[in-house]
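Peer 1: This is what each chain is made of:
There are 2 protein chains.
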Amino acid sequence: MLGRINHIALAVPDIAAASATYRETLGAKVSAPQALPEHGVTVVFVELPNSKVELLEPLGETSPVAAFLAKNPDGGMHHICYEVADILAARDQLVAAGARVLGDGEPKIGAHGKQVLFLHPKDFFGTLIELEQV
Amino acid sequence: MLGRINHIALAVPDIAAASATYRETLGAKVSAPQALPEHGVTVVFVELPNSKVELLEPLGETSPVAAFLAKNPDGGMHHICYEVADILAARDQLVAAGARVLGDGEPKIGAHGKQVLFLHPKDFFGTLIELEQV
Chain B
1 MLGRINHIAL AVPDIAAASA TYRETLGAKV SAPQALPEHG VTVVFVELPN SKVELLEPLG
61 ETSPVAAFLA KNPDGGMHHI CYEVADILAA RDQLVAAGAR VLGDGEPKIG AHGKQVLFLH
121 PKDFFGTLIE LEQV
Chain F
1 MLGRINHIAL AVPDIAAASA TYRETLGAKV SAPQALPEHG VTVVFVELPN SKVELLEPLG
61 ETSPVAAFLA KNPDGGMHHI CYEVADILAA RDQLVAAGAR VLGDGEPKIG AHGKQVLFLH
121 PKDFFGTLIE LEQV
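Heads up: the protein sequence lines correspond to chains B and F, in order. So the first sequence is numbered by full-length UniProt numbering: it starts at 1 and just counts up by one. So the second sequence is numbered by full-length UniProt numbering: it starts at 1 and just counts up by one.
Everything labelled a hint here was simulated from the structure, so no lab data went into it. Do not rely on the hints blindly, as some may be mistaken.
No farther apart than 25 Å at their CA atoms in a straight line, the calculated lysine to any residue pairs in the SDA-like style are these [stated by the list, open to error]: (1) B:Lys122 / B:Gly98; (2) B:Lys71 / B:Asp86; (3) B:Lys122 / B:Ala66; (4) F:Lys29 / B:Lys29; (5) B:Lys29 / F:Ala96; (6) B:Lys114 / B:Gly40; (7) B:Lys108 / B:Asp74; (8) B:Lys29 / F:Ala17; (9) F:Lys108 / F:Asp74; (10) F:Lys29 / F:Gly40; (11) F:Lys71 / B:Lys114; (12) B:Lys71 / B:Val95; (13) B:Lys122 / F:Val101; (14) B:Lys29 / F:Ile87; (15) F:Lys122 / B:Lys114; (16) B:Lys52 / F:Gly40; (17) F:Lys71 / B:Asp123; (18) B:Lys29 / F:Arg100; (19) F:Lys71 / B:Thr25; (20) F:Lys52 / B:Ala66; (21) F:Lys114 / F:Ile87; (22) B:Lys71 / F:Pro121; (23) F:Lys122 / B:Asn72; (24) B:Lys108 / B:Leu69; (25) F:Lys108 / F:Pro64; (26) B:Lys71 / B:Lys122; (27) B:Lys122 / F:Arg100; (28) B:Lys71 / B:Lys29; (29) F:Lys71 / F:Ile87; (30) F:Lys114 / F:Pro73; (31) F:Lys71 / F:Ile129; (32) F:Lys29 / F:Leu88; (33) B:Lys52 / B:Val95; (34) B:Lys114 / F:Thr25; (35) B:Lys122 / F:Ala67; (36) F:Lys52 / B:Gly40; (37) B:Lys122 / F:Ile87.
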């Protein structure tokens, strides 16, 4: 079921500072920040040769990363996103195996304009997993 | 400086259970567990098309993941490993930029038999970064 690692998301309290660190200190190719108010985040892409890291800063009152940063004020590793060929088939197979999908269980349109869903970290050893249909 | 994402490491309290979940529930290719007593971990590789996930279970009294699991008993995302072409040049550049290398600052031989070092998560927004020379 799992395909490529689409991205690893890191929550950061200050995306301008984090972008500068990844660009200047770590010498990576870093995109301009994109505000995605419908997702409650500002995002920066760190392009690596085989995948990417996404830096996420909370945006707005109901950001999905705000609670994480309240618990981890320095920031930290937030989730890992895997590509799947058929998100509904993947979802049905996971639910049948007893895994919980966050929210109402239906895919949403994610930050890349593709269908995504998130799996409950308690069912995957504390790691928040995003699935994205490619 | 940063090259490919070599792996993302997830600490888990029970590597047999986690292996079964990644193999059976998530349908990934999962290696047999390897005990690495000199690194204080048992490791399982989850092979994805473009990179890999490493599941880490503490092994022995002085495991480097034991404190993490004491704080995160369910498990969680532990570190991200990037490949670099020249680890000493990378280290010197990072130290000159004010970043801290864990331990005595010298590369060690990591779980893949290659030179590695770890950067202080406080200098990288709460994310523990491993560099591996390839």
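Peer 1: Of the hints given before, which are not true for this structure?
Peer 2: Hints 2, 4, 7, 8, 9, 11, 12, 13, 15, 16, 19, 20, 27, 28, 29, 30, 32, 33, 36, 37 not satisfied by this model.
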